[in-house]
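Asker: Sequence order for the protein chains is A, B and C. Sequential numbering from 25 applies to the first sequence in this note's numbering. Sequential numbering from 4 applies to the second sequence in this note's numbering. Sequential numbering from 143 applies to the third sequence in this note's numbering.
Hints were generated in silico from the structure; no laboratory data involved. The beta carbon of each residue, even a glycine, is placed where N, CA and C say it ideally should be. Warning: the hint list may mix true and false statements.
In silico lysine to aspartate or glutamate, EDC-like type, Cα no more than 16 Å apart, as pairs [as the list claims (entries may be wrong)]:
#1 A/K310 <-> C/D386
#2 A/K316 <-> A/D184
#3 A/K316 <-> A/D185
#4 A/K233 <-> A/E80
#5 A/K68 <-> A/E80
#6 A/K233 <-> C/E165
Here are the in silico distance ranges between beta carbons for each label pair [unchecked claim]:
#7 A/P75 <-> B/E96: 55 to 61 Å
#8 C/L468 <-> A/E244: 45 to 51 Å
#9 B/G140 <-> A/L62: 40 to 46 Å
#10 A/A235 <-> B/G105: 55 to 61 Å
To spell it out: a stretch of chain B is covered by chain A in this simulated footprint if at least three of its residues, at any positions, have a beta carbon under 8 Å from a beta carbon of chain A; those stretches are [to be verified]:
#11 102-116
#12 140-151
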Amino acid sequence: MVDRPRRKFLRQLGGAALGVGGFLAASSAPGGQVADVLQEMLQKHYLRMSPEELQESLARIERAALREHGAAILCSHAPPLPGVSFGMALNLSRCVGARDCVRACVQENNCGRHDTLENIRVLSLPRGSWALAEADPYYNPPQVPEAGRWYLPVQCQQCDDPPCVQNCPVRATWKEPDGVVVIDYDWCIGCRACAVACPYGARHFNWQKPAIPHGEMTTETHYLGNRPRPMGVMEKCTFCIQRTRNGLQPACLEACRTGARIFGNLLDPASEIRHILATRPIYRFKEDLGSKPRFFYFVDAA
Amino acid sequence: MLLHRTGKGGRWRNGIALLLFLSLAALPRPLWSEESPFTVRGTVAKSQCRSCHGWRTPLAEQRPLGAPHAGLLLQHGKAALWCLACHIPEQPELLRSSHGGGLPFSAAHESCAVCHGRTVASWRAGVHGKRLLRWSGERVIQACSGCHTAHAPAVLPLTPLPPPRHPDRSADHG
Amino acid sequence: MKRRLWWGIWLTALLLGLQGYTEQWRSGLAVTGLSDSVLWGLYISQFVFLVGVAASAVILVIPVWLFDHPTARALLRLAESLALTAVVMSLLFVTVDLGQPARLWHALPVVGQLQFPQAIIVWDLLVLIAYLLLTLLLWAGWRHPAGILLAAVLGVAIHTVTAFLLAGHPARPFWHTGVMAPRFIMSAFASGAALLLLLQRFWPAGTAAWGEIYLRRLFLACLGIDFFLWISEGFVWFYRVTADGESARLLYGGGLGFWSLWVWTGIGLKGVALWTAWRHGRGYGWGVLGVWMEKGLGLIVPGFIPTPLGEVVHYWPSRVELQVTLGIWALGLWLLSRLLRPTGPEHGQTQERIPP
Chain A
25 MVDRPRRKFL RQLGGAALGV GGFLAASSAP GGQVADVLQE MLQKHYLRMS
75 PEELQESLAR IERAALREHG AAILCSHAPP LPGVSFGMAL NLSRCVGARD
125 CVRACVQENN CGRHDTLENI RVLSLPRGSW ALAEADPYYN PPQVPEAGRW
175 YLPVQCQQCD DPPCVQNCPV RATWKEPDGV VVIDYDWCIG CRACAVACPY
225 GARHFNWQKP AIPHGEMTTE THYLGNRPRP MGVMEKCTFC IQRTRNGLQP
275 ACLEACRTGA RIFGNLLDPA SEIRHILATR PIYRFKEDLG SKPRFFYFVD
325 AA
Chain B
4 MLLHRTGKGG RWRNGIALLL FLSLAALPRP LWSEESPFTV RGTVAKSQCR
54 SCHGWRTPLA EQRPLGAPHA GLLLQHGKAA LWCLACHIPE QPELLRSSHG
104 GGLPFSAAHE SCAVCHGRTV ASWRAGVHGK RLLRWSGERV IQACSGCHTA
154 HAPAVLPLTP LPPPRHPDRS ADHG
Chain C
143 MKRRLWWGIW LTALLLGLQG YTEQWRSGLA VTGLSDSVLW GLYISQFVFL
193 VGVAASAVIL VIPVWLFDHP TARALLRLAE SLALTAVVMS LLFVTVDLGQ
243 PARLWHALPV VGQLQFPQAI IVWDLLVLIA YLLLTLLLWA GWRHPAGILL
293 AAVLGVAIHT VTAFLLAGHP ARPFWHTGVM APRFIMSAFA SGAALLLLLQ
343 RFWPAGTAAW GEIYLRRLFL ACLGIDFFLW ISEGFVWFYR VTADGESARL
393 LYGGGLGFWS LWVWTGIGLK GVALWTAWRH GRGYGWGVLG VWMEKGLGLI
443 VPGFIPTPLG EVVHYWPSRV ELQVTLGIWA LGLWLLSRLL RPTGPEHGQT
493 QERIPP
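Using the sequences plus the hints, can you model the full thing?
Answerer: As structure tokens, then:
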């Protein structure tokens, strides 16, 4: 069927493809230990790894952190707690826009410092308006709150029907049983389709290798949380999975000086967050898009 | 007094009232309970009042505070409140409670509740204020004085941390 | 001499592309003009345009082939080569857009972890690969009617799915419109027809009056429908001032500066092409350029502005992006010329001319 010159051309084309592939493979990750690079490249999906493979991967991540960042980290893979489903509520009457949460988040989660990589974005809006076109994330007055402004911190809303998860071609992001939307940084191919789908601008891309100043690495890490990320992958808020799965409060809540944030187990009827849902009018951001956020904004009762 | 009114059917009424009273005891712990299902953590200033007021009764009249109270900023209730609104003159280490009794500083929130009942109720419920350390297990919550200075409780404006870098990065990469 | 000059230009473009991609591979996508706000740019806009070319090329000549006109084979050959080139180029553009190209295998069936059927990208990937294989078979000489019909179906499928890839985002109201897929198909058919008409001139082997008349009519009809759909969409954006219409207001109202100018230029060129093709039977190149401008960067960039949090941001392709894009276009041009090179037993037939 296929005539000879064409067959020859096809063969040439195949050869060229192989050559380009070889070149790309050879030029990757200068200075990294070849075995580790290969292991990362060939590693299975987080949910498909055997316990042994997972241990190898965690060890590799710890080695790489020591080699590339000079930090001795512990990388855990603590599973979701049974009977726990996380949610967060934020009191808009309390938030004054001081951005303590933003800095605490960056430090706790080992976010790259030289990018615009901040998983919480605080919007300043004119009082009496919800129009995002009037929102200003770059406000920088000497003191907050400013007269006539109110503040809307936005981060991953840990949606129950997350558009980002639906849009990932390779299942590199998914919803854990405790409600947290996580990313396998070693499976993400960096196509950014998830961030395109996110209505909250909550996903952030490592456009370059994340730079973490020496000595500022948070060493208690989680595979799906704050462990150092490679270049070219997506990241996001995980409700500080490395803390909250150990019963601790998320870093943003801990840092907040006005007590605007409440975190807890939505399945526990005695939890603070359930009390808020039961007694306060709440607002879920862009709920009309069908994303079903588990991040609840509320205001103090008059 | 109400319960002991006599008259036609008084016994019935008394019975029902007694039942109601007993059922009250079976209800969940009321909000004004002395015991709390949580631990309060926070800075509670040690009272220095006793050094003078142990032997000298404070003056009841409101007046501008001079020496030896010069360092004391009293700006509570739009500056309308006087020391004795919360402090008991005879017992400087105790605070007033809603039922008149003295409260130790560790239970200062009960004293706050005399005026700020709703806020303290929402604090107890975990809406106002902050739960420290853990979201699960033992509930440790920040004392009122952790955020509010009792004598001048208004929350002062804060200095914001730096804003994010502008995402228009074309300038950075030439 | 002239030939050598062309080779020189081509080689320079290719080397620039390779150098650019090496830089991007080393330093990451930070060397592009993309950001957390404008997540896709030049690469994906080329992808969208080229999928359109790929989709239209084969389907356009099917009627000719079905009626078994003698022109058909020559035209079909041209179409297959064009489709094959476009699909290879579009796959290349997707690949260079990845942050972790070494993990491309995660997106392969069986060894990878495909999110199917939820993720539209996977649909796109699958139909593109199927289309690639099919056009390869067609090009290699397997001209079974079933194969050609399947190519027609897949052609519509790849571009529809590409439209869905953008239209499926409530987070991006500018794209969140049901008109996207029909507009994609119409503008793709128009640009495909125009490209075939243009290529016929450069490769006289394919020239045929019958084909020319047919393709011209297709071009006019499709571009006309495209305009009608564009107006229908504009009505919804502008009749009431809503938050969802903000991107359209910024884009068409000049709020995006260069990109506003860009998109109006593209639309203007399409209008000019519509007129000149109708009155004088030429100007197809302007039509292709117009579609490339409007459906490429003129669609992708404004979809991200304002951001979901209301911020008006800017995007400008970086030097590296321009280099890599140039390189892929150079590669595509070379591939097309290779594919069109007359070979084998059909050589004689492609030379066949039909008298007007």
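Asker: Now look at each hint and say whether the structure bears it out.
Answerer: To see whether the hints hold, each was checked on the structure:
1. Straight-line distance between C-alpha atoms of A/K310 and C/D386 comes to about 12 Å, which keeps the hinted pair within the 16 Å bound.
2. Using a Cα cut-off of 16 Å, the hinted pair A/K316 and A/D184 holds, with the two alpha carbons roughly 5 Å apart.
3. A distance of roughly 6 Å separates the Cα atoms of A/K316 and A/D185; the hinted pair therefore holds under the 16 Å criterion.
4. For a cut-off of 16 Å, the pair hint linking A/K233 to A/E80 is broken: about 23 Å separates their Cα positions.
5. Between A/K68 and A/E80 the CA atoms are separated by roughly 12 Å; this keeps the pair inside 16 Å, and the hint holds.
6. Taking the CA atoms of A/K233 and C/E165, the gap is about 14 Å. The hint holds against a cut of 16 Å.
7. Hint check: A/P75 to B/E96, Cβ distance near 59 Å, so the stated range 55 to 61 Å holds.
8. Our hint of 45 to 51 Å for C/L468 and A/E244 holds, since their Cβ atoms are close to 47 Å apart.
9. Between B/G140 and A/L62 the beta carbons are some 43 Å apart, a value that agrees with the proposed interval 40 to 46 Å.
10. Distance hint check: the CB atoms of A/A235 and B/G105 are about 57 Å apart, consistent with the given range 55 to 61 Å.
11. Residues of the segment 102-116 of chain B lying with their CB closer than 8 Å to a CB of chain A number 0, which falls below the three-residue condition for coverage.
12. Evaluation of the coverage hint for the segment 140-151 of chain B: fulfilled, as 3 residues show C-beta separations to chain A shorter than 8 Å, against a requirement of three.
Hint violations for this structure: numbers 4 and 11, all remaining hints satisfied.
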